[in-house]
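Chemist: The listed protein sequences derive, respectively, from chains A and B. Each residue of the first sequence is one higher than the one before, counting from 0 in numbering that gives the first Met the number 0. Each residue of the second sequence is one higher than the one before, counting from 0 in numbering that gives the first Met the number 0.
Here are the computed distance ranges between Cβ atoms for each label pair:
| hint | chain 1 | residue 1 | chain 2 | residue 2 | range |
| --- | --- | --- | --- | --- | --- |
| 1 | A | Asn62 | B | Gln158 | 36 to 42 Å |
| 2 | B | Val294 | A | Asn71 | 34 to 40 Å |
| 3 | B | Arg121 | A | Gln158 | 30 to 36 Å |
Simulated from the structure, these hints should not be mistaken for laboratory data. Note that the Cβ used here is the ideal one computed from N, Cα and C, for glycine as well.
There are 2 protein chains.
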Amino acid sequence: MTKKYLAITGGVGGAKLALGLSKLLTPQQLDFAVNTADDFVHLGMNISPDIDTLMYTLSGESNAEQGWGRRNETWQFMDALKQLGEDSWFNLGDKDLSIHITRTQKLKAGQNLTDITQNLYRQFAVNFPVWPMTNDSVSTFVETENGDLPFQDYFVKQQCAPRVSGFKFKGIKSAKLNPGIRKLLLDPDLTGVVLCPSNPYVSVDPMLALPEMRTLLKTCAAPVVAITPIISGQAIKGPTAKMMQELAMPSTAHTVARHYSDFLDGFVLDSGDIKLSSTIEELNISTVTAQTLMVTLQDRIQLAKATLDFIHKLRRS
Amino acid sequence: MTKKYLAITGGVGGAKLALGLSKLLTPQQLDFAVNTADDFVHLGMNISPDIDTLMYTLSGESNAEQGWGRRNETWQFMDALKQLGEDSWFNLGDKDLSIHITRTQKLKAGQNLTDITQNLYRQFAVNFPVWPMTNDSVSTFVETENGDLPFQDYFVKQQCAPRVSGFKFKGIKSAKLNPGIRKLLLDPDLTGVVLCPSNPYVSVDPMLALPEMRTLLKTCAAPVVAITPIISGQAIKGPTAKMMQELAMPSTAHTVARHYSDFLDGFVLDSGDIKLSSTIEELNISTVTAQTLMVTLQDRIQLAKATLDFIHKLRRS
Chain A
0 MTKKYLAITG
10 GVGGAKLALG
20 LSKLLTPQQL
30 DFAVNTADDF
40 VHLGMNISPD
50 IDTLMYTLSG
60 ESNAEQGWGR
70 RNETWQFMDA
80 LKQLGEDSWF
90 NLGDKDLSIH
100 ITRTQKLKAG
110 QNLTDITQNL
120 YRQFAVNFPV
130 WPMTNDSVST
140 FVETENGDLP
150 FQDYFVKQQC
160 APRVSGFKFK
170 GIKSAKLNPG
180 IRKLLLDPDL
190 TGVVLCPSNP
200 YVSVDPMLAL
210 PEMRTLLKTC
220 AAPVVAITPI
230 ISGQAIKGPT
240 AKMMQELAMP
250 STAHTVARHY
260 SDFLDGFVLD
270 SGDIKLSSTI
280 EELNISTVTA
290 QTLMVTLQDR
300 IQLAKATLDF
310 IHKLRRS
Chain B
0 MTKKYLAITG
10 GVGGAKLALG
20 LSKLLTPQQL
30 DFAVNTADDF
40 VHLGMNISPD
50 IDTLMYTLSG
60 ESNAEQGWGR
70 RNETWQFMDA
80 LKQLGEDSWF
90 NLGDKDLSIH
100 ITRTQKLKAG
110 QNLTDITQNL
120 YRQFAVNFPV
130 WPMTNDSVST
140 FVETENGDLP
150 FQDYFVKQQC
160 APRVSGFKFK
170 GIKSAKLNPG
180 IRKLLLDPDL
190 TGVVLCPSNP
200 YVSVDPMLAL
210 PEMRTLLKTC
220 AAPVVAITPI
230 ISGQAIKGPT
240 AKMMQELAMP
250 STAHTVARHY
260 SDFLDGFVLD
270 SGDIKLSSTI
280 EELNISTVTA
290 QTLMVTLQDR
300 IQLAKATLDF
310 IHKLRRS
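Sequences and hints are given; from them, build the entire structure.
Modeler: Dropping the structure here:
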């Protein structure tokens, strides 16, 4: 029987581990579920940041130095747009534009986001099945001291500066979980579920908030394992730690584990945070430590290996 | 009293003379009326080729070597789009894209094409009033042996190859002539109207087919003068001569003059076609000869000067 894993991921941090997993498993063994609540319409284009981040990462097209976007990207469009005095707070590279325009056209023509996404991935020679969390429109709003802000407004335009008090996922109640994800989670032969090190509040929570998703994770046959996005109280990238502080929670790996405690079987802690193991295990969550800071490709592969080993250990226990 | 001219223009050929005129007259003395029946929606974007050709030409942004588009243009978007296997028959430069996306956004927001166009021109430091022929949607279809083809399909995708039997301007009956053009043509102080050397069938005819336009040209106070787009039976660029042959008309300057004979006061012939003068004058159209091939900027200015001199001569006669 082929082993079969589902990796749930959001943006850049999650994609790092996703890349590691993709080097250890075949497209027959590994599916991805991706957050789409960051998606937005900008300059008339449907932009899906997390879907594209994963696509560029898995295909080797990502810009490692910049930390986002495509490699060998150019910015002629943006420069010309700035000269026109138009909105330029969201950077769109010339090559990147081809994806947004293609996606927008195909959505308008009535294709669903899953088919569009899987076709785009195939053009990038990525054959892992990738499932947007839903084909419906869900939009994260960040509740802040300056009111409810659309996610990209908060994240990009305002650089996560406003103090956060909560989150809303507009459209979540009427959105349907992607049937591809549902089917996998109902599969009795599923080997494991990996929650990649993504922001719990804005990358993972929208997926967990989809009808059925939390229940499916609780009841699925396979162990569900999360990898910490917090190391020694710090987020490697992005506002996870800042959000925890503003929400009056300790910015620790324990806070992340507790956030998922209703369905989580295992948690991968950073080796430096080993002291948190016991308090996480009190939540009925098994733990293991690993080097969770992923700088090199080898780091990504090693953390993926540690995660898969942990899943196998949990399956035997 | 300030002299006041209206220049009517289509694509690249017309824009050459427009540039010459712009070097001799001030924005207080010269308005432009531009064909919009070539406009189309491509990849979700509203593209106005003739408006942009004139904008790039008057601002010095046009790509002289290529003969269309923007100078220092790059093609990263197109290359990426081709790699996706998407429609790539219509070339869109990275910088050029900023115009189409801006126009599309503003149309969606409810602005009319005139305001959008004039704002874009101002961003390019072009202060001549430019009037799209209408704010309404008019679309040229070329009747060919392969059926009715949308203009850009015929012109760009099929490179003008199919044999032409006629033209349709979809939407023309319900389209309103731009009030800015109407006002100028009703102005008793109008000094002259210049029909730039554009294709009579696909660049000028859509404008002439707009309700009121032909009557206004017949009755306006100023001489109406056309510059030949045909020299020695050949079009400098584009399918004008080929169309004439396929429509079973001699591909000569005389055919152009006759096409406009119901409202035309004067016709500027190429010096090499002086033998056609008498047959054109039989149509009750005055003629003058000039060097109408515009290779250098100086050629453009000299032809513009000859045209203005001709108008002044007609006003005195």
